[in-house]
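If you're matching them up, the sequences are chains A, B and C in order.
Read in order, the letters of the first sequence correspond to residues 1 to 480 in the working numbering.
Read in order, the letters of the second sequence correspond to residues 1 to 225 in the working numbering.
Read in order, the letters of the third sequence correspond to residues 1 to 676 in the working numbering.
Quick caveat, the hints were computed from the structure, so don't treat them as lab data.
Don't take each hint at face value.
Said to hold, decoys possible - DSS-like mimics (lysine-lysine), calculated; alpha carbons at most 30 Å apart, straight line: (1) A:K351 <-> A:K367; (2) A:K427 <-> A:K351; (3) C:K158 <-> A:K367; (4) C:K607 <-> A:K367.
What the hints assert, rightly or not - Quick list of the computed label-pair ranges, beta carbon to beta carbon: (5) A:K367 <-> C:E599: 45 to 51 Å; (6) A:K367 <-> C:A603: 53 to 59 Å; (7) A:R31 <-> C:L63: 49 to 55 Å; (8) B:S173 <-> A:W41: 44 to 50 Å; (9) C:Q216 <-> B:S125: 41 to 47 Å; (10) A:Q9 <-> B:V110: 55 to 61 Å; (11) C:L63 <-> A:I49: 51 to 57 Å.
Note that beta-carbon positions come from the ideal geometry of N, C-alpha and C, so glycine has one too.
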Amino acid sequence: MHPTFASIQIAAPELVLTIGSLLTLMLGVFRGDRSLVPLTWVCVLIFGIAGVAAATGDQAAAFGGLYVADGFSAYLKVMILAAAAVSAVLALPYLQHAATGRFEYPVLLMLATLGMCMMVSANDMLTLYIGLELLSLASYTLAAFHRNEARSSEAGLKYFILGALASGILLYGISLVYGFGGSTNFETLSATLRGPAGQSTGVVFGLVFILAGLMFKISAVPFHMWTPDVYEGAPTPVAAFFSAAPKAAAMGLLVRVCVEAFGGMTFDWRQIVSVVAIASMLLGAVGAIGQTNIKRLLAYSSIANVGFALIGLAAGTVEGISGVLFYMAVYLVMTLGAFVCVLQMRDADGKPVETLSSLNGLSRSRKGLAAALAVLMFSLAGIPPLLGFWPKFAVFTAAIDTQLYLLAVIGVVASVIGAYYYLRVVKAMYFDEPAPAFAASDSRVNAGLIGIAALFCSPLGMLAITPLVGAARVAARALF
Amino acid sequence: MRRGGRTRRAPFRTAPSDLKTLVTAVFAFYLFAGIVLLSGAATILSKNPVHSVLWLILAFFNAAGLFILLGAEFLAMLLVIVYVGAVAVLFLFVVMMLDIDFAALRAGFVKALPVGLLLAVVLVSELLLVAGGSVRVVAGEAAAPLDGFVGMTNTQALGSVLYTKYLFVFQASGIVLLTAMVGAIVLTHRQRAGTKRQDVGAQVARTPASSISNVKPVSGEGVSL
Amino acid sequence: MIQLLVFLPLAAALIAGLGNRLIGNLPAKLVTTAALFVSAALSWTIFLDIGLAHGAGYSVRVLEWIVSGDMRVDWAFRVDTLTAVMLVVITSVSALVHLYSWGYMDEDPDQPRFFAYLSLFTFAMLMLVTADNLVQMFFGWEGVGLASYLLIGFWYKKPSANAAAIKAFVVNRVGDFGFSLGIFATFVVFGTVQLTPILAGSAAMAGATFNFLGAQFDVMTTLCLLLFVGAMGKSAQLGLHTWLPDAMEGPTPVSALIHAATMVTAGVFMVVRLSPMFEAAPDALTVVTYVGAATALFAATVACVQTDIKRVIAYSTCSQLGYMFFAAGSGAFGAAMFHLFTHAFFKALLFLGAGAVIHSMHHEQDMRFYGGLRKSIPITFAAMTIGTLSLTGFFFTSGYYSKDGILEAAFANGSEASMVAFFVGALVALLTSFYSWRLVFLTFFGEARWGASEHVQHALHHDHGHDTEDTTDSDHAHHASAPAGTGGYHPHESPWTMLAPLVVLSIGALAAGFVFHEAFIGAEGGTVFWNGSAVFREPLAEAMHHVPAWVVWTPGAVMLIGFAIAYWAYMASPTLPARFVAGNRGLYAFLTHKWFFDELYNAIFVKPAFAFGRLFWRGDGRVIDRFGADGAAALVSASSGAAKRFQSGAVYAYALVMLIGLAAAATWVLRPALLG
């Protein structure tokens, strides 16, 4: 077979997503906005097909080394596609209420997902950049999706400007590394950098720029500034999407770049990653105290969680990387669950409300919702019987194994501080005087999603630990 | 586009002994590079955004000159045609049409300026250090021309890899552009109620039966259709 | 069998909790209570089999749980004598408390939730004591913490209950932090979290040191102290004790189950379970001894001035836990467990008795509004008296055997710390006797004083028809010429569901010591009984029989002296306490403010933490403003002029922060080159 055809087969998930997005775009253009609901389900179906393709497809390098499908990319792709599918579905009632039920939503979601799949399969700086840009462009549009609302437009514009700056920084880093390392291919770079070129300050300088560009996407401190504003301004389903799939994709990309391309320079990036992890955990935990908007709160929560996941990367061992992957999987469920709960927060007229105080006394008006949110909050806080504890434990263990004691200790401290604001939400729901009740649930699908997320995070979810950790280990091994 | 960029047939490599060419090339390099830097700075600093765009166009032209010096005439032409001819001119239109409060913009700029300058100085000095310290590592090994491209024009060379070796990223770039297009439409396109537009399909589908009716007007009573 | 024992309460909790309103009160109560009685029966079978018939301990693996690198954690039940003792205590008390709650919580609208929490708690506690590795123990540890949080805050409409729940949770997190560090460190040292290899390998690690910041530290001492911080939190030892008295805001059955008999003893259990580790760390044992003795003294002194009946018993619990710890610190792990065992009976009895008093007094908890109750509620009176006798160590009751055992062990150990603990323990025995009898005298003897109580007034005037029994009683009271001080209210005895547990526990409080003392702390019986499940120092047990006669008689003597003082102060000469207080204002204030611990913590931790939070909340805005951004304001008033403003400020500031971070990172990695 011609190598191009073989390559196309290996890149089947991307192919499915490309064709699928073009198809839905076509259908949408001809059928108009009333096709939002069917198109969303088509989109979910395509995500499903792509997921199967990713999980079962051949694993090899393709397109002359630009692209690679391995255990690592398969694990992340399944995760990303699942999260994206959930993000597509959970938006339906919101979009219909807000009268912005435009069919482009699933299309843009698919294009972003295509970008993410390219990112986690990137084996070359070129693919990395193109994938990242594809995701970013779709994300900017999604953030401003409520174009008639000043907050949404502002979020989109802010994200765009800062994102462009981050892209510039990333590109600059890539050119420095290309100039001093002589290649953009990860494997070639890895081999080159283990030699004398790895000692070159130019490569180190480029590495810093690349890390900065990638850390913008995972919103690690100090590249996090956009996160609270964008989460707050963007439509809630979009914020849910931002907090989930792109985080996993960018984290996967960061891991691959660090471990694969710069595997010989672990000493250099470990310092940066450690400091960023510490800053993210602490700022995420402390910044959330005093927030009154639940979306801002979740933004800080995602900053803190990224910090915890970075601990695993700082360890840089198979255990550490599998810890990161495990962490991201659990985090995805928790954050999506929490955001679906936020979507339920609508006043009697069906208008979304976002203040924390509107949750007061929720346990009396919406018992199930309150219980589910409480489970998710306890889990995010990392309280042991719940699932959120275990990935934290895994990354801390990995850090201790590599003698990064300080990192583990600060991680524990930050999780203790963080528990405060998660518990504050629980306290508001269970112990405060009731605020006006929310409108009734508007979607059985979303109610189901909340239930599944809460169940997964409950102690029952511990049944999932063994398979999940097993898969994460297989994925992490692919990098070593 | 690593190979495309490398297919240099510049005077540097082919005729190093030709002193006159070398001097010309060095002179041209510093001229173009200097103007790029100056016009780049002017783009940021000029008060009127229209002037900014004009400075940007100048920067593009000089960057194209640098490409020519490197022997990358195809990229140079692309820069002039696409960036100068299309993008920058579009910029110019947009900037002229928009009503932007430049005073407010500049207020933020001035406040951030001291820190920004400090950062710039730090980064530039570090960069100089890096460049100064590392040149010897690269010299000689990274600049070798690649087999298979010797004797080709760089348009040819680019063409030969774009749809083969770089098929994946090339197509993906297409998708990126499509996404940008969809995004632009989502954010700006709106259907205004009450505008009359031509619907070719409806016009073509008209039949005499649906367009003509026979009436018998009675004098003094008018017609109702 | 053990699986059934452990998971029955969980199943019951799930049925009652998820079913809630759907299945109604009665089925929820039936399911949970029945499950607990079955569990209790199974526990006694295991106890008889392993403890008394000297069957071999065993371990049951449920499932492979976590495999991560070198770490393997299975979910397994470890069953040996130590576990069996705890199983008996937990399930028996829990079953009785379930039954008791039928009566106590009868009027509560949320009963299924309550019973579900109780059963959930029991499950978590069972997980803790059956753990065969530290991670599983930690799981149970956090589980009981969570259940305790839920139960203390059960009456979530009461702000004080919420505050107490949060306080308990937060203070316990401090302890848990130590515990988790201890687990991490143990894993680092031993390479495993399984108990068996850790305990077997402890002796070999004795004396090993590690280097930290240039100083040498003893490995085992560090590990044990970290773990002990966890035990201190859970068992409310001095420093981390502040949550326990406040936890009395929860319903009284909860106090009896969690804050007297089971959860608070988890710390003692942990120290005994890890006794081989502590044996390898003599310095840690010394710390345990001092902390235990200090807690015993502190809590006993504070208990003397409390007026809330439940708080007296709570401080008493705190004090008795101190006894257990200094017994463990003196190497008498058997004696510690024995006191844990008997304490569970008589303290649960006291709490449930107090609950019965409170129930009959319409939730009035202040002893100053009691008095002369012995005639109205005779069965409760009898049960409380038995509990008090046992607590004070009256001859041949349970408390007599266990407390004397502890004091003799401390004396027989002979080390400096143990001798201090012995004398403190003797003094505390005196105080214990004093405050316990004070409680009895104030509650059951003297004149009726409840006429002035708001709760009783409330019951008389507003709650007609609220409860049939009440109505008859108060109607009756209105007709009869009411004695002075009663306000016309006539207390009534509690229903049988509440009295039956009292009777059962009374038997335990009287007889448990006599029946089991040879097995738990006897020189020959102990070795066979404990069978290696905890360290049992046979020479120490032997030495306990050869202490001087005055040591043997001291506890009895101080107990009688304490009784005499209480009688004198509250029966013979009732004005004495007031005169004493007037003469010693400073001491009284010191005790009523509980040695100023809460005030101290408030000043050191709580206020700075709040200030810190405020700083970030406000400071954040200021920082951004300083960079010329009115971004926050623009967000709020997005409708007007936002389009102009958001472009200028915030984004500049954000970009600057990014670039500063970038420049800092670049400078950092380039510092070798920069520094030459």
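Do the hints match the structure? See the list:
1. A:K351 <-> A:K367: holds (21 Å)
2. A:K427 <-> A:K351: Judged against 30 Å, a Cα distance of about 24 Å means the pair holds.
3. C:K158 <-> A:K367: Holds, at roughly 19 Å.
4. C:K607 <-> A:K367: Status violated; Cα separation ~34 Å.
5. A:K367 <-> C:E599: 45 to 51 Å: Between K367 (chain A) and E599 (chain C), where Cβ atoms are some 39 Å apart, the hint is violated.
6. A:K367 <-> C:A603: 53 to 59 Å: Since K367 (chain A) and A603 (chain C) have Cβ atoms about 40 Å apart, the given range 53 to 59 Å is violated.
7. A:R31 <-> C:L63: 49 to 55 Å: holds (51 Å)
8. B:S173 <-> A:W41: 44 to 50 Å: Once the Cβ atoms are compared, 30 Å apart, the range 44 to 50 Å for W41 (chain A) and S173 (chain B) is violated.
9. C:Q216 <-> B:S125: 41 to 47 Å: This hint holds: roughly 45 Å between Cβ atoms.
10. A:Q9 <-> B:V110: 55 to 61 Å: holds (57 Å)
11. C:L63 <-> A:I49: 51 to 57 Å: violated (34 Å)
Consistency note: the structure conflicts with the earlier hints numbered 4, 5, 6, 8, 11.
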